[in-house]
Amino acid sequence: MTRAPVRTKATMSEMSLDVRYIAGLARIQLTPEEERQLSSQLSQILAYAEKLKELDVRDVPPMTHPLPRVNVTRKDEVCEGLSRDEALRNAPAAENGLFMTPKIVE
Amino acid sequence: MAALWELSLSELTERLRRREVSAREAAVAYLDRIEATDERLGAFLHVDREGALAQAEAIDASRAPAGGETGRRLLWGAPIALKDILAVKGQPLTCGSRILEHFVSPYDATVVERLRREGAVFLGRLNMDEFAMGSSTENSAFKKTRNPWDLERSPGGSSGGCAAATAARQCPAAIGSDTGGSVRQPAAFCGVTGLKPTYGRVSRYGLVAYASSLDQIGPVTLTTRDAALLLQAIAGYDPRDSTSLPAPTPDYLAALDKGVRDLRVGLPKEYFVGGLDPRIREAVYKAARTLEQLGATVEEISLPHTEYAVAAYYIIAPAEASANLARFDGVRYGLRVQGRDPIEMYSKTRAAGFGPEVKRRVILGTYALSSGYYDAYYLRALKVRRLISRDFEEAFRQVDVLVTPTSPTPAFRLGEKTEDPLQMYLSDIYTAPCNLAGLCGISVPGGLVEPERLPVGVQFLGKPLGEETLLRVAYAYEQASGCARLRPPIAEEDRPDSLEE
Numbered sequence: 000m001t002r003a004p005v006r007t008k009a010t011m012s013e014m015s016l017d018v019r020y021i022a023g024l025a026r027i028q029l030t031p032e033e034e035r036q037l038s039s040q041l042s043q044i045l046a047y048a049e050k051l052k053e054l055d056v057r058d059v060p061p062m063t064h065p066l067p068r069v070n071v072t073r074k075d076e077v078c079e080g081l082s083r084d085e086a087l088r089n090a091p092a093a094e095n096g097l098f099m100t101p102k103i104v105e
Numbered sequence: 000m001a002a003l004w005e006l007s008l009s010e011l012t013e014r015l016r017r018r019e020v021s022a023r024e025a026a027v028a029y030l031d032r033i034e035a036t037d038e039r040l041g042a043f044l045h046v047d048r049e050g051a052l053a054q055a056e057a058i059d060a061s062r063a064p065a066g067g068e069t070g071r072r073l074l075w076g077a078p079i080a081l082k083d084i085l086a087v088k089g090q091p092l093t094c095g096s097r098i099l100e101h102f103v104s105p106y107d108a109t110v111v112e113r114l115r116r117e118g119a120v121f122l123g124r125l126n127m128d129e130f131a132m133g134s135s136t137e138n139s140a141f142k143k144t145r146n147p148w149d150l151e152r153s154p155g156g157s158s159g160g161c162a163a164a165t166a167a168r169q170c171p172a173a174i175g176s177d178t179g180g181s182v183r184q185p186a187a188f189c190g191v192t193g194l195k196p197t198y199g200r201v202s203r204y205g206l207v208a209y210a211s212s213l214d215q216i217g218p219v220t221l222t223t224r225d226a227a228l229l230l231q232a233i234a235g236y237d238p239r240d241s242t243s244l245p246a247p248t249p250d251y252l253a254a255l256d257k258g259v260r261d262l263r264v265g266l267p268k269e270y271f272v273g274g275l276d277p278r279i280r281e282a283v284y285k286a287a288r289t290l291e292q293l294g295a296t297v298e299e300i301s302l303p304h305t306e307y308a309v310a311a312y313y314i315i316a317p318a319e320a321s322a323n324l325a326r327f328d329g330v331r332y333g334l335r336v337q338g339r340d341p342i343e344m345y346s347k348t349r350a351a352g353f354g355p356e357v358k359r360r361v362i363l364g365t366y367a368l369s370s371g372y373y374d375a376y377y378l379r380a381l382k383v384r385r386l387i388s389r390d391f392e393e394a395f396r397q398v399d400v401l402v403t404p405t406s407p408t409p410a411f412r413l414g415e416k417t418e419d420p421l422q423m424y425l426s427d428i429y430t431a432p433c434n435l436a437g438l439c440g441i442s443v444p445g446g447l448v449e450p451e452r453l454p455v456g457v458q459f460l461g462k463p464l465g466e467e468t469l470l471r472v473a474y475a476y477e478q479a480s481g482c483a484r485l486r487p488p489i490a491e492e493d494r495p496d497s498l499e500e
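Chains A and B are the protein sequences, given in the same order.
For the first sequence, position 5 (counting from the first letter as 1) is numbered 4 according to numbering that gives the first Met the number 0, and the numbering increases by one without interruption.
For the second sequence, position 17 (counting from the first letter as 1) is numbered 16 according to numbering that gives the first Met the number 0, and the numbering increases by one without interruption.
Hint data in this document are derived by calculation from the structure and do not stem from the laboratory.
Heads up, some of the hints might be wrong.
As the list claims (entries may be wrong) - Simulated restraints, written as ranges between beta carbons of each label pair:
| hint | chain 1 | residue 1 | chain 2 | residue 2 | range |
| --- | --- | --- | --- | --- | --- |
| 1 | B | Gly274 | A | Phe98 | 15 to 25 Å |
| 2 | B | Gly273 | A | Phe98 | 21 to 31 Å |
| 3 | B | Arg486 | A | Leu24 | 19 to 29 Å |
| 4 | B | Glu343 | A | Asp17 | 14 to 24 Å |
| 5 | A | Arg19 | B | Arg326 | 17 to 27 Å |
| 6 | B | Asp31 | A | Val69 | 24 to 34 Å |
| 7 | A | Pro31 | B | Pro247 | 48 to 58 Å |
| 8 | A | Gln36 | B | His101 | 45 to 55 Å |
Unchecked claim - Calculated lysine-lysine pairs in the DSS-like style (CA-CA distance at most 30 Å, straight line):
| hint | chain 1 | residue 1 | chain 2 | residue 2 |
| --- | --- | --- | --- | --- |
| 9 | B | Lys143 | B | Lys347 |
| 10 | B | Lys347 | A | Lys102 |
| 11 | B | Lys143 | B | Lys382 |
| 12 | B | Lys382 | B | Lys347 |
| 13 | B | Lys88 | B | Lys268 |
| 14 | B | Lys142 | B | Lys416 |
| 15 | B | Lys347 | B | Lys285 |
| 16 | B | Lys142 | A | Lys52 |
| 17 | B | Lys143 | A | Lys50 |
| 18 | B | Lys285 | B | Lys142 |
| 19 | B | Lys347 | B | Lys268 |
| 20 | A | Lys50 | B | Lys416 |
| 21 | A | Lys74 | B | Lys268 |
| 22 | B | Lys268 | B | Lys382 |
| 23 | B | Lys257 | A | Lys50 |
| 24 | B | Lys257 | B | Lys285 |
| 25 | B | Lys268 | B | Lys285 |
| 26 | B | Lys382 | A | Lys52 |
| 27 | B | Lys268 | B | Lys257 |
| 28 | A | Lys52 | B | Lys88 |
Cβ coordinates follow ideal geometry from the N, Cα and C atoms, glycine included.
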């Protein structure tokens, strides 16, 4: 099973995995070396994931959760949350009881 | 007489209850043991000597008169160690990541609250793969943890610190988390017991999320009885976790010695194919024969979609991770690297704060969820997950419990698989399906393989909320196998017996 065929040379060129673009969506800056390495590793992993296409899943409902429970609510009652000081305690930058960030709006 | 640190959790709590040992004595025994061994082992990221002694002293001081209320507390005075992914108010919580290097938890996880209520004393924080992503603990940003059976080998992961510390008797038990095998596989590698409860059985409130539909908290222990004891302490409904199940918590300890006479045990034929170490195959067959001798019926069953489980898991888990880890952006907590604008700040912060495996999974997950690829990868993986889950439903119509290997190989060498992520992923083949389907599973010691003298794990899988039956089978096997409480070389040193010689 662990020797299952790993199609490293599979259809990767067709998959057009643009690592830099995806890393941008994920908000992770990569070095050129990381880009190169991830590109080859992710291609390999995705080629393995191609296995999933062997199965006919047309009529199979997706399973997002093991034991689905719907409309879960707790009792609507007041309970203690974190105080402002506690919430700010781990902040990288805080001032006047606020989280500080670089300027967002020009 | 055995040293305190040689006892199982159940034996220790019994002595504490009878007051033959004080909570302080127990804490000191383990703290000293950690001090003597952890330089070599590297299981702990943080040892809270002061805090543990204070908790223990408070417990000793507050003892009610004999037969009082404390008699009913399950863990009164027992030291426990926690994977560094569970929130303890005022304690560090790094998840093995630079991005949380200086984070301090503002609240207790629900399991921590429950353990406190039962009288547990927290020794410290155990090493892990960064954000629980890994199968070797080598993805920790801070240190390598070594396997107590062979210091050149991995303890497994991601709860490698939990398994190494428990096997080396640095703590009588630990609490970890299991998303695709992260409690069971390290338990197998280190020769201890690891339980993954049913999804929803234990509250995830205060567990840092990796893949929310798969994560579950579970104990690492020396015996099945200890696993039942800790499950008893931490299981149950929690309104703060909307995925926690409102089912009552049965008496797990009472279920243990009911035997297996009336039970049907299944051997999934797809689990015994190429890639499985023949010595592990033999250990699992032997376990099946043992159960048969104890009166259970053993039959072969089929889980036809097994070969797709790793592929489905490594789409679904990274997809969920990419969403969960979006919170680490340098704004409210954790590391921040300055940027000219927020986007640059996020990107630089995450570049500096995340290690290679976390980057790999977050980017993989982002890709699987991105426009144009969602249907091909994520949605398809969710459909395959349904097929895998149906396989188990079908199997559990025929049998009560399954017996399988935990890992295809014994512990591999440190560095052996770090360059090849896919090979590392493939070693999750026997553990990941249990999380995908939301089942309960346990890995128990199945002996040592020669010539390496490395432990192997035997895994039992049970129906959702089937922990009573699961533990019963594991206990029966453990009692009959003679494989329980294996002692690695590092736990042979400094024993009172060996000192006398």
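Hint-by-hint comparison with the structure:
Between B/Gly274 and A/Phe98 the CB atoms are about 49 Å apart, so this pair departs from the stated range of 15 to 25 Å. The beta-carbon spacing between B/Gly273 and A/Phe98, approximately 53 Å, falls outside the hinted interval of 21 to 31 Å. Restraint check, B/Arg486 to A/Leu24: a C-beta distance of roughly 50 Å breaks the suggested window 19 to 29 Å. A hinted range of 14 to 24 Å holds for the C-beta pair B/Glu343 and A/Asp17, which are about 20 Å apart.
A hinted range of 17 to 27 Å for the beta carbons of A/Arg19 and B/Arg326 is consistent with their spacing of about 23 Å. At roughly 51 Å, the beta carbons of B/Asp31 and A/Val69 sit outside the given window of 24 to 34 Å. At roughly 57 Å, the beta carbons of A/Pro31 and B/Pro247 sit within the given window of 48 to 58 Å. At roughly 29 Å, the beta-carbon separation of A/Gln36 and B/His101 lies outside the given 45 to 55 Å, and the hint is violated.
Restraint check for B/Lys143 and B/Lys347: the C-alpha separation of about 26 Å stays at or below 30 Å, so the hint holds. Restraint check for B/Lys347 and A/Lys102: the C-alpha separation of about 16 Å stays at or below 30 Å, so the hint holds. Of the pairs offered as hints, the one joining B/Lys143 and B/Lys382 is violated, with about 37 Å between alpha carbons and a cut-off of 30 Å exceeded. Taking the CA atoms of B/Lys382 and B/Lys347, the gap is about 36 Å. The hint is violated against a cut of 30 Å.
Restraint check for B/Lys88 and B/Lys268: the C-alpha separation of about 46 Å exceeds 30 Å, so the hint is violated. Only pairs whose Cα atoms come within 30 Å are accepted, and B/Lys142 paired with B/Lys416 is accepted, the gap being roughly 17 Å. Straight-line distance between C-alpha atoms of B/Lys347 and B/Lys285 comes to about 53 Å, which puts the hinted pair past the 30 Å bound. Restraint check: the Cα-Cα separation between B/Lys142 and A/Lys52 comes to about 39 Å, which exceeds 30 Å; the hinted pair is violated.
The suggested pairing of B/Lys143 with A/Lys50 is violated, with an alpha-carbon distance near 34 Å, which exceeds 30 Å. Pair hint B/Lys285 plus B/Lys142 does not hold up; C-alpha atoms about 37 Å apart against a cutoff of 30 Å. With a C-alpha separation of about 48 Å, the suggested pair B/Lys347 and B/Lys268 falls outside the 30 Å cut-off, and the hint is violated. Restraint check: the Cα-Cα separation between A/Lys50 and B/Lys416 comes to about 22 Å, which is no more than 30 Å; the hinted pair holds.
Straight-line distance between C-alpha atoms of A/Lys74 and B/Lys268 comes to about 47 Å, which puts the hinted pair past the 30 Å bound. For the suggested pair B/Lys268 and B/Lys382, the alpha carbons sit about 23 Å apart, so the restraint of at most 30 Å is met. Straight-line distance between C-alpha atoms of B/Lys257 and A/Lys50 comes to about 43 Å, which puts the hinted pair past the 30 Å bound. Between B/Lys257 and B/Lys285 the CA atoms are separated by roughly 21 Å; this keeps the pair inside 30 Å, and the hint holds.
With a C-alpha separation of about 15 Å, the suggested pairing of B/Lys268 with B/Lys285 holds against the 30 Å cut-off. Among the hinted pairs, B/Lys382 with A/Lys52 is consistent with the structure: their alpha-carbon atoms are about 11 Å apart, no more than 30 Å. At roughly 28 Å between alpha-carbon atoms, B/Lys268 and B/Lys257 fall within 30 Å of each other, so this suggested pair holds. With a CA separation close to 46 Å, the supplied pair A/Lys52 and B/Lys88 exceeds the 30 Å bound.
The structure does not agree with the numbered hints 1, 2, 3, 6, 8, 11, 12, 13, 15, 16, 17, 18, 19, 21, 23, 28 stated previously, though it agrees with the rest.
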